[in-house]
Every structure is written in structure tokens, then in C-alpha cells.
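Going down the list, the protein sequences come from chains X and S. Okay, so the first sequence: first residue is 16 according to the numbering used here, each after it adds one. Okay, so the second sequence: first residue is 2 according to the numbering used here, each after it adds one.
Among the hints, a few may not be true.
[Stated by the list, open to error] Below, computed lysine to any residue pairings styled on SDA-like, alpha-carbon distance capped at 20 angstroms:
(1) 325/X with 22/S
(2) 252/X with 11/S
(3) 336/X with 35/S
(4) 336/X with 13/S
(5) 337/X with 35/S
(6) 171/X with 153/X
(7) 325/X with 14/S
(8) 326/X with 35/S
(9) 252/X with 326/X
(10) 325/X with 10/S
(11) 336/X with 22/S
(12) 294/X with 35/S
(13) 563/X with 160/X
(14) 325/X with 40/S
It is worth saying that the hints were derived from the structure and are not from the lab. Fair warning: this is a prediction, and the values are worked out from it, not measured in the lab.
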Amino acid sequence: MIAAQDRKIALWNIGVAYTAFLIGTLCGLLQVFIRNDALQLPAWLDYYQILTAHGVLLALIFTTFFIFGFFITGMSKSLGAFGPKVRLFSWIGFWVTLLGTVMATVMIVSGEASVLYTFYAPLKGSGWFYVGLALVIVGTWISSFALVGHYIVWRKTHKGELSPLFAFMTITTIILWIIACLGVVATVLFQYIPWAFGWTDTINVELSRSLFWYFGHPLVYFWLLPAYMAWYVIVPKLLGVKVFSDSLARLSFVLFILFSIPVGFHHQLTEPGISNFWKFLQVVLTFMVIIPSLMTAFSMFATFEISGRKKGGTGLFGWFKKLPWKDVRFTSIFIAMAFFIPGGAGGIINASFQLNEVVHNTLWIVGHFHITVGTPVAMTFMGMTFWLIPYLTGRKFTKSMQILGFVQIITWSIGMLLMSTAQHVLGLLGAPRRTAYSGYNGHESALEWFDGILTNHVTMAVGGSILFLSAMILIYIVVMTMFLSPKAVKPEEIVEFPMAESDKESTPKWLENWWIWIGIAVFLIVAAYAIPLSHMIHHAPPGSEGFKTW
Amino acid sequence: MSKKDDHANVDLRGTLISVFFVGVVIVAMWVIVYSMYVAR
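Please model the entire structure based on the sequences and the hints provided.
In C-alpha cells:
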């Protein structure tokens, strides 16, 4: 078990993550009923407040705090206990992030910032909402630098050695995060805050959106890479094998630093103000991300097959039956991976330039989001929760908790299948996203979208309700394992952090030369962004005043 | 035995087919949406 002081920091992070999860999923439940015209909100609360809270609390806050809880635990386990400075800065980072979270949430709940989680200008929220967001980023940077400091100390005492795979992957994710945040920090500090407080009258909308998406796409990988860490490092241990290939795992992670950042324009393919050349260049760079994604898929299948064959599986697919399906820690992550197959394929469609026109402003994107971050990432985090919290609290993960864990992941899968499939199909038919309930003025073509058995608001509402039930089961498991389950006493009751061995003897040292990867990443970012951003600044159209549409 | 040999000796036929399956899902979904794009 890791040092008690480090456990405390991790547990507080996870505790805040699940508080945000509780509020965020409740908002999700309300949304599906409002869109079904089955619920009338009180006058002080509207759909867009709830939608903003749902997006911010789940996509930004739940993920971020959970990720840091995971990183802190894994870094303390793989590199040793934190020193006093690392602990101090981890706490400062935690409190600053929490302060920002509370500020942003208060602004959303009080109806001062119904701008959705993308906070697109010219929608204008309270300046304090943007200050809250800035503090969230600053807090994560402080926590990140604490972990980087811990890593540097380890490197100094282990000269010439490659770091453990978990630490390598943590640092990769942090590098990606810090580079990515530069965009959102620039737009929030220099555009949104002066504009929202009235120090400037107008805002350059295209520039703000471009800087947001410079951040917004790697943000997806900030969520995804910790899930991949569980896939690469945790899953083999659960299967009783080593990491399939240490160098493959490290190479795929550094490729994500290179190809997840200079690609934000693929979220802006329908926007004027960016020439086709730059859009096309970033579409090509986006497609490069398929390489490390498929390397990961290959590595996972190979891990499964090696493990299954070791346990006696024969033939082409006999190994599949030998996987530990009764272990909820594994099954949860396997389902998460399975969801990512259509999720990833949908991402390729979204980024395919002209094809984006078919799906762009539709419910397809909402469905896509829910089978990428909402299941592959979220369910991996759920699967990790089943052992991470008991590991940190020293409590048992009892038989009844294991059964509940299965109920939770199965209900989440069913709910998500119903809801996201409906959203995908409705999106292809043309149903828009980011809207409250609409009768479309009784227009026949629009009403036909919702006529199908699968493609109707009721299916979405049923799916959403099952998801909420699943979320509440998970909250129950979290509360039990955090505070109430009996303490593990016997050795077989103690829950371990399953970290697989990884043979790094034949891994090339240059894979951990960060200057190479940061250098190439900066080159690609400058190549993809310098000219179009400079064009947006030098040939800016008249700025826009703020709009408060709620 | 080196790591390279370890990999050379394992039976990964199932992995190959599984990764092909992922590729087929990607191509099939892409073609469906592409057909819709062309048809509109």
C-alpha cells in the first residue's frame, strides 16, 4: 500500500470526482425528460443551465479529478512515496482546482453562465465563470508540475534507466495536457475575461473558437490516455500476463502527443474564416491518430489471446472463452473497449471533412460523445473505481459489491446502447443537438425523425433513466468502499493495485527523450496553426458583442 | 530467450482477425455515412 499521506490526496480527488458525477448525471436525467416534453422545470432553472452543468461537471470535472486521483496513486506506487514538496503542491493544485470548480458551478446554477461546456462566444456568461475555469486549469497545472517534480527526482536517482511504464504514461499525458491548455488559457485570459467583465466591448469569435478547439481535441486524449493506461498496464495484470510490448505502448503514447494537438480545425469544418487548405491539413493530421489507436487495439487483442491461450484456449478464438469474465474489474474494461470500436469509427466519420456536414450540428455528435468519453473512458474509470478506492481505504470489495458492480456496468451498457444508438440514428436523419424540447412547429419532415421504435424521445428517456439508475448504484459502491465496507484484515481480502510487469530491456532509450517529442509536437503545431491564427488576428472581422440568450 | 523471440513464437491469428474486424467496422460505418452524403 502507498504512503498514507499520498492516499489521502488521491481519495480527496476521487471524492470530488464522484460528487461532480452525482450532480452531473442527475442533470443528464433531467435533460432526457425535458427533451421528451415530460418534465417542466421551475422558472429559476432552464434546460441550458442543466445542459451546461451536465457537460462541465461530467466531461471536465469528474474526469479531471478522477484522473489526478489515479495518477497520484499510480505515481506513488511506481516511483515511491511523494516528498513533502510534491505533497504540498499536489494539495495546492487540488484546492485551486476545487475553488475553480465551485466558482464555475455556482455561476452555472445561478443562471449566470448557460453557455454549455464549450462556452462558445458570442454567448456571454459571467466573468466569474471564466475565472473559475481558469482556476481549474491553473490547479491542474500545479498538480501536474507536482507529479513532474516527483518524476524528475526519480530520474535523478535512476540515471540511464527508463522510468516504469505507468510513470512514463502519466508524464506523456501531462505533457499533452500542458501544451493543450495553452490555447484555452490564451483565449480565457486574453479574450473572454476582459470581454465578460466589460473591459473590452467585443470578441474575435473565430479566434476564440479556434483557440478553444486547439485545446478541445487534445482534451479528449487527456480523458482517453488514462483509460489507455488502464488498458495497457492494468488489464494484463488482471489476465495474469505481462504488458504485450513495452516499446509499442510507449511509442503509441508519444504519437498521441504529436497527433492529438494540431488537429482542432476538424471540429470547425463547417465554419467560415478558415481556408480549406488548413482544414485539410488538420484532417490529415487527425487521421494520423488512427495509427496509435490501432496499435492499441492490436496490443489489447494480443494480450487477450496470449492470456487465453496460456489458460488452455485453442483454435482461432478459443482464448476468448478463457478470459476472466467473472472478474468485474476486467469485464467492465472489456465492455469499455468494445464501445470504443464504433466510437472510434464515428470519430473518423466526424473528421472526414465533407462527411462532417452530414453529422455536424446533429444528435449524432451527442451520441458519439457518449460512446467515447461517456463509456470507453467513463466505464474504464468505473472498472478502476472497484479496486482503486478499496486499495486506498484498505476496505474489502465484498461479494455483494462485486455483484452490484456487475449490475452497474450492465445497466450502464444497456442504457448507453439505447440512448446513444437513438442519438446516432436521429442525428443521421437530421435531428439537431444543443436544443431543448421542440415541436418543430409541427413540421412533418422533422416529426418523422422521431417516429421509429429506436428513434424517438421515449427511447432516449428510457436509456437515460437506466443510465441514471446505474450511476446511483455506482455512487452507492463508492460510498460503501470509501466509508462503510469492512476493513480488509486477511491477506486474501486486501485489494491490490493491479500493475502489470513490463519488460523494458529492449525498449529504445530515445522513446523517453521528451525533447524529441515536444520538439516535433511544437513543429507540427506551428505548421498547422501559425498561419491561420495569424490570419485570424491580422484580418479579423469586426468583433462581436456578447449575447445572453437565456 | 529475447522478447523478440517471445513474440515470434506466440499464436496471434485471433488477434489478426480481430484487428481486421475493427477495420471492417470502421470502413462499413464510413461507407454508410459517405453514401448518405452522396445521396443528399
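Unmet hints by their number, sorted upward, for this structure: Structure breaks hints 1, 3, 5, 6, 8, 13, 14.
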